[in-house]
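Q: In case you want the letters, here they are:
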Amino acid sequence: ETGVTQTPRHLVMGMTNKKSLKCEQHLGHNAMYWYKQSAKKPLELMFVYNFKEQTENNSVPSRFSPECPNSSHLFLHLHTLQPEDSALYLCASSQVSLNTGELFFGEGSRLTVL
Amino acid sequence: EDQVTQSPEALRLQEGESSSLNCSYTVSGLRGLFWYRQDPGKGPEFLFTLYSAGEEKEKERLKATLTKKESFLHITAPKPEDSATYLCAVEGDSNYQLIWGAGTKLIIKP
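One line per chain: the protein sequences are A and B, in this order. Here this note's numbering is used: position 112 in the first sequence is 112, and no number is missing along the way. Here this note's numbering is used: position 27 in the second sequence is 27, and no number is missing along the way.
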């Protein structure tokens, strides 16, 4: 495996379900990110982890809960979501000591909340 | 407030018809401007970083330029495989997070 891998690629869940998105990076990077992408809107940064420590939480509702057990893995735990949470969720990684704007993205997890 | 605006929202061109995409920005102390390409069903892929006004970067049929207020992504003699959404982002001194534009969807017809 190379690059940034996200699973599952597609997820349909009810408002009362609990599910998790998984991200794994094989690039040796020390920063990982969760972004939300909705149609015709700019990417929204949700969470940032540098060296496994959360450094950013952009006023994300508590129904989204991140977890970073090590510098290669990142999870986004989902519970009691709303239909407006339906979107493409992108994971990215970067090397903090280098150019912070060069992010490597996974292919995303397409989430549909019914 | 830091802001990025991309135009047009969508652009349809014939194969070989050159054009430009625009990224206008307001940011306190530009640290870098970044262009990404996103294919349908995929995550964004990094293309270029520009750091200061007057700087240019090229890759195949793409050339990115930067002024103090905007960046252009020029596409010369495009091919259908250049069809994608092109995203622009900036990083400023006041906030080390990337500020993203909504993207320009480019469609190249054969």
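Take these hints with a grain of salt, some might be off.
What the hints assert, rightly or not - Computed cross-link-like contacts, DSBU-like style, restricted to lysine-lysine with a CA-CA straight-line distance of at most 35 Å:
1) Lys36(A) to Lys105(B)
2) Lys68(B) to Lys36(A)
3) Lys69(B) to Lys41(A)
What the hints assert, rightly or not - Here are some chain B residues the structure puts well away from chain A; computed CB gaps all over 12 Å:
4) Thr5
5) Gly16
6) Gly29
7) Ala53
8) Arg61
9) Glu70
10) His74
11) Lys79
12) Pro80
13) Asn95
14) Gly103
Hints in this document: simulated from the structure, not taken from any laboratory. From the three backbone atoms N, C-alpha and C, an ideal C-beta is built for every residue, glycine too.
Q: Each hint: holds or not?
A: Here is how each hint holds up against the structure:
no. : hint                  : verdict
1   : Lys36(A) to Lys105(B) : 18 Å, holds
2   : Lys68(B) to Lys36(A)  : 29 Å, holds
3   : Lys69(B) to Lys41(A)  : 21 Å, holds
4   : Thr5                  : 10 Å, violated
5   : Gly16                 : 28 Å, holds
6   : Gly29                 : 14 Å, holds
7   : Ala53                 : 17 Å, holds
8   : Arg61                 : 21 Å, holds
9   : Glu70                 : 16 Å, holds
10  : His74                 : 20 Å, holds
11  : Lys79                 : 23 Å, holds
12  : Pro80                 : 21 Å, holds
13  : Asn95                 : 10 Å, violated
14  : Gly103                : 8 Å, violated
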